[in-house]
Amino acid sequence: MQNIGGILLEPVGCLAEFPAGPFHEIAARLLSRKGELSNSGSRSYWQLLELVDEFAPQPTVEALEIEAVNAAGVYEDIVPALAELKAMGVHLSIASSLSGAAITRFLEKHSLGEFFAGVWNRDNAGGVKEVPLVGALRDASLPPENVIFLTDAVEGIKVARNAGVHPVLMMNDPDEARRLAMHKPAGGVVSLHEMPDFIRLITAQNERVNRVDG
Amino acid sequence: MKKISIYKPSIVDEAIQILSQHGASASVYAGGTDLLIRLKNRLHQAPSYLVDIKKIDHLRYIKEDAQGGIEIGAATKLAELADSRLLQEKYPMLVEAINKISSPELRNASTLGGDLLQEVWCQYLRGGYSCWRNGGYLCYGAIGDNSYYHSAMGGRLCYAVYPGDAATALIPFDARAKLATPQGVKELSIEQLVPGDLLVDGRIQSHVVRFNEILTSVLIPPPKPGVRASFEKLRPRGVWDFAMASLAISLQLRDKTIDDARVVFGGIAGRPWRETSVETFLKGKTLSTELGEQAISVALANAAPLKYNATKIDMAKGLLASGLARLNA
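As you go down the protein sequences, you meet chains A and B in turn.
Take 827 as the starting number for the first sequence in the working numbering and just add one per residue.
Take 46 as the starting number for the second sequence in the working numbering and just add one per residue.
Treat the hints with caution; some may be incorrect.
What the hints assert, rightly or not - Reference listing, derived: stretches of chain A covered by chain B, where coverage requires no fewer than 3 residues with Cβ under 8 angstroms from a Cβ of chain B:
hint, region
1, 840–854
2, 1014–1028
Unchecked claim - In the DSBU-like style, the derived pairs of lysine-lysine whose C-alpha atoms are separated by at most 35 angstroms in a straight line are:
hint, chain 1, residue 1, chain 2, residue 2
3, B, K328, B, K301
4, B, K352, A, K912
5, A, K984, B, K352
6, B, K330, A, K1010
7, B, K47, A, K1010
8, B, K328, A, K1010
9, A, K1010, B, K85
10, B, K352, A, K935
If you're looking for bench data, these hints aren't it; they were derived computationally from the structure.
No residue lacks a Cβ here, since even glycine has one placed at the ideal position from N, Cα and C.
One chain only, chain A, in its complex shape:
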């Protein structure tokens, strides 16, 4: 893997644990879809994105997303991890299929805005799934091979590949992560606090290879 200059983050599942209920409700309202409620907010979110290619602005949908944001529990180690990554010079961008209002609310609620050089959502990117990633990449002016997308879902792995960046697993749940590892992500971390070391190791490995080749 090439040296990593940027990380794209989808808050759902990577920065916070989101509840499944609001996403399930959005699917029910948009698509009349009823079914068992998943116990994973991330899975409900990504399954919704698989079903809906675009979200026309709808107050009820945005209200449900805000409800999900308000109920989301931020992972406890993300602030020191984001601070360390920023201090290392890593370009951090939000790249999310949530609405602009939901992302703004999320960042304000948890005082995370200072860490992100770019904030891309479905509204300013003009689409979902890989569209915000492509917008974030262009904004960062980084080659895709130097960028990671953190995800805890198989759909996220596909989205990363469609955008040309490296999918790296956020291995929140070991059983789910074991299943996702079969989709051959570029790597995985058990927590965001491992990302600085992840990046340092890749840099050190590449330096060693360059020394040998040189």
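We have chain A; now place chain B onto it with these hints.
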């Protein structure tokens, strides 16, 4: 198995030159009971150049120094340590620990240096998975079967436990290690030698020895007066297996009063886990039958077990109670 080349230097400086020349593609080869297995496992990280140090003089010895301490050459076989009357007389706990490493056959081949610097035995690494130590960027142990070979005290990218028993047993004696380096001799404590998952020369390893450095000897200070020590190891079988949990405990006693303590757990973390909270708790206490239960209550408060290895913490605490009971007997 990949093609390998073997060098047989006759002096340490020559070995260092060869290691420097080939970089991370070369590795020191002594007993081979870890290194050759890595080659047979076809691990991505296995070296292509082996620097056989067995012909180098003055790396295989056990001798007493002028102060009454012991110096052990890094290429000394574990069986020689186990049979040493000098070690049995001065550090019986160390001999107890050495006798619990692997099997008699392997102890005939394995060296002290090899035990200290061995690679982890995570089944995913050894099974060729592309993990952090084998060309990949993910720890399969963190998400898979981590009941045996993985840390219950957290990790750093790699969650495999440090498997060596010798380090666990040497730390209570404040033992030190000597390294030969291109810049001269370096000396450090055993804790500094194996601090856990580190990025060294562009790869993750449990020890600090760089690609062109050689561990040459281990120094053990003279035994302190009034020291009683114990080593116990829990493992699935009574031979060969690595520790699921182990404990090396040393108490410096004045009658039954504990003046100083060293408590080091093995098999539960990416390094020998020195539990200073228990050491602090024990200092000044009186050795008694109740002390074990009290010590357990302050032990391993920062445990961070993975999905399947919380038992390691229970085992470790059990060993603490058992170790204190042994020393009280």
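Here is how each hint holds up against the structure:
no.	hint	verdict
1	840–854	violated (count 0)
2	1014–1028	holds (count 9)
3	B:K328 with B:K301	holds (11 angstroms)
4	B:K352 with A:K912	holds (31 angstroms)
5	A:K984 with B:K352	holds (27 angstroms)
6	B:K330 with A:K1010	violated (54 angstroms)
7	B:K47 with A:K1010	holds (26 angstroms)
8	B:K328 with A:K1010	violated (51 angstroms)
9	A:K1010 with B:K85	holds (25 angstroms)
10	B:K352 with A:K935	holds (32 angstroms)
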